[in-house]
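There are 2 protein chains.
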Amino acid sequence: MRILYHIPLSPACRKIRLILAEKRLPFELMTEKVWEKREEFLKFNPVGTVPVLVEENGLAIPESYAISEYLEEAYPDTSLLGRTLGERVEVRRLVSWMEGVFSQEVTDKLLGEKYMKRFLRKGNPDGTAIRQGYTALYFYLEYLGWLAEMRIWLAGSFFSQADLTAAAYLSSLDFIGDIDWSRIPAVKEWYARVKCRPCFRSLLQDRISGITPPIHYADLDF
Amino acid sequence: MRILYHIPLSPACRKIRLILAEKRLPFELMTEKVWEKREEFLKFNPVGTVPVLVEENGLAIPESYAISEYLEEAYPDTSLLGRTLGERVEVRRLVSWMEGVFSQEVTDKLLGEKYMKRFLRKGNPDGTAIRQGYTALYFYLEYLGWLAEMRIWLAGSFFSQADLTAAAYLSSLDFIGDIDWSRIPAVKEWYARVKCRPCFRSLLQDRISGITPPIHYADLDF
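Read top to bottom, the protein sequences are chains A and B.
Under full-length UniProt numbering, the first residue of the first sequence is numbered 1, with each subsequent residue one higher.
Under full-length UniProt numbering, the first residue of the second sequence is numbered 1, with each subsequent residue one higher.
These aren't lab readings, by the way, just hints derived from the structure by calculation.
One or more of the hints may lead you astray.
Each pair may be met inside one copy or between any two copies, as identical chains are not told apart.
Below, a list of computed lysine to any residue pairs in the SDA-like style, where the Cα atoms sit at most 25 Å apart [as the list claims (entries may be wrong)]:
hint, residue 1, residue 2
1, Lys43, Glu28
2, Lys43, Glu87
3, Lys188, Pro46
4, Lys33, Tyr140
5, Lys188, Val47
6, Lys33, Phe139
7, Lys43, Ala136
8, Lys23, Glu73
Just need the whole structure built from these sequences, with the hints factored in.
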């Protein structure tokens with residue numbers, strides 16, 4: 001069976017779970033305590049990060065970007081990148097933005113400071129970073145809202161990796177209660193549509209010891 | 001004419017310059033003072049970062065990852081990603097590692113603290129970060145050296161984006177005199193081979209006001 005090594009709240013891991021599920025590729029989830037630097041795991045990815053996907057034939061694919069491109073090339077039937085060069089540029093631009101600037105300026109400063117530091121045994125949360133994270137979050141959510149108002153899906157008229165990536169990042173922040181949906185109606189309407197898709201089910205059922213998500217987290221009609 | 005908006009010392013921009021040159025695609029370089037948040041430029045990339053490639057037909061492609069994948073799809077003749085799924089996974093794993101962990105733990109802490117902060121008007125260098133950057137640099141260079149000893153090129157027997165990306169990152173650090181090549185003979189031998197390729201010429205001719213590169217920077221026989 002295909003295995004995805006992951007950490008439940010990691011948005012990059014959630015993105016891969018969503019892509020696999022959207023493409024209807026069965027997989028088993030294995031939580032990897034990356035801070036333990038397990039030797040068997042470092043053989044799959046010397047850098048020691050998750051996600052890592054291991055195919056049934058033994059091929060190990062580390063790194064969110066490498067996995068998502070691999071899945072498009074190996075299983076092209078349900079394309080999540082768009083067809084034309086221009087569409088694919090737009091999808092990858094948005095994926096890159098979420099996994100780059102958004103991840104560093106928002107996720108690392110909220111989820112990172114408040115929870116991942118504890119999981120990864122890296123010290124105490126930094127209050128200044130958390131405040132900067134909230135400011136950046138609502139700044140970027142406005143841009144997401146603008147996209148959601150202008151288009152059917154984030155990258156255009158087609159459902160894509162851009163939607164799954166953005167939804168993965170927001171779902172992690174929603175799990176820790178960091179998103180006030182009433183402030184961003186256009187994003188909420190788009191997110192509700194993604195949340196209803198069958199690929200999203202497993203994310204909504206996640207239970208993590210020590211963190212209770214807000215009630216609306218798993219509610220499709222939030 | 002195709003235009004690449006860049007900052008000379010940005011490794012991500014250098015990577016795109018190398019890919020364009022290796023694919024023999026003519027382009028014009030335009031330095032973008034990203035901190036000025038020029039309105040015309042924000043139309044190409046709302047996040048305001050470089051590199052951004054603008055094709056002659058007007059298609060604007062922001063983000064290093066989106067540009068390099070676009071160039072492979074639009075101009076597949078000189079493939080820099082490998083042929084099999086496994087080869088492509090390995091190339092993208094290494095690209096992702098350089099642009100992710102290496103960029104954050106090394107480049108941001110050396111080039112970022114010592115020079116980019118000044119260019120981007122973001123305050124004074126942080127000595128602790130710089131020390132952490134040097135430690136991480138030689139830790140990761142050992143891994144690069146191990147790859148260079150085991151294989152003809154970094155991702156295997158074929159020249160790829162992995163070589164161009166790693167060389168781009170090292171060339172920026174070499175420009176500011178941060179690499180002691182005598183400590184890493186295997187990396188030096190590999191880098192000398194990349195440096196000799198015609199695609200590298202323009203990088204070696206870069207002149208940046210206020211920074212004098214070490215004499216060996218442009219020397220092919222360093």
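Hint by hint, here is what the structure shows:
1. When the C-alpha separation of Lys43 and Glu28 is checked against a cutoff of 25 Å, the pair qualifies only within one copy, where the shortest distance is 19 Å, while the shortest distance between copies is 42 Å.
2. Taking identical chains as interchangeable, the C-alpha atoms of Lys43 and Glu87 lie at most 25 Å apart only when they sit on different chains, with a minimum of 17 Å there against 36 Å within one chain.
3. Taking the shortest alpha-carbon separations for Lys188 and Pro46, only the inter-copy value of 22 Å comes in at or below 25 Å, while the best intra-copy value is 38 Å.
4. With identical chains, the CA atoms of Lys33 and Tyr140 are at most 25 Å apart between copies only, with a shortest distance of 22 Å across copies and 31 Å within one.
5. Only between protomers do Lys188 and Val47 lie at most 25 Å apart by alpha-carbon distance; the minimum there is 22 Å, versus 36 Å within a single protomer.
6. In this homomeric assembly, Lys33 and Phe139 come within 25 Å of each other (Cα to Cα) only across copies, at 22 Å, whereas the closest approach inside a single copy is 33 Å.
7. Proximity of Lys43 and Ala136 under a CA criterion of 25 Å is satisfied inter-copy only: 20 Å between copies versus 36 Å inside one chain copy.
8. In this homomeric assembly, Lys23 and Glu73 come within 25 Å of each other (Cα to Cα) both inside a single copy, at 12 Å, and across copies, at 22 Å.
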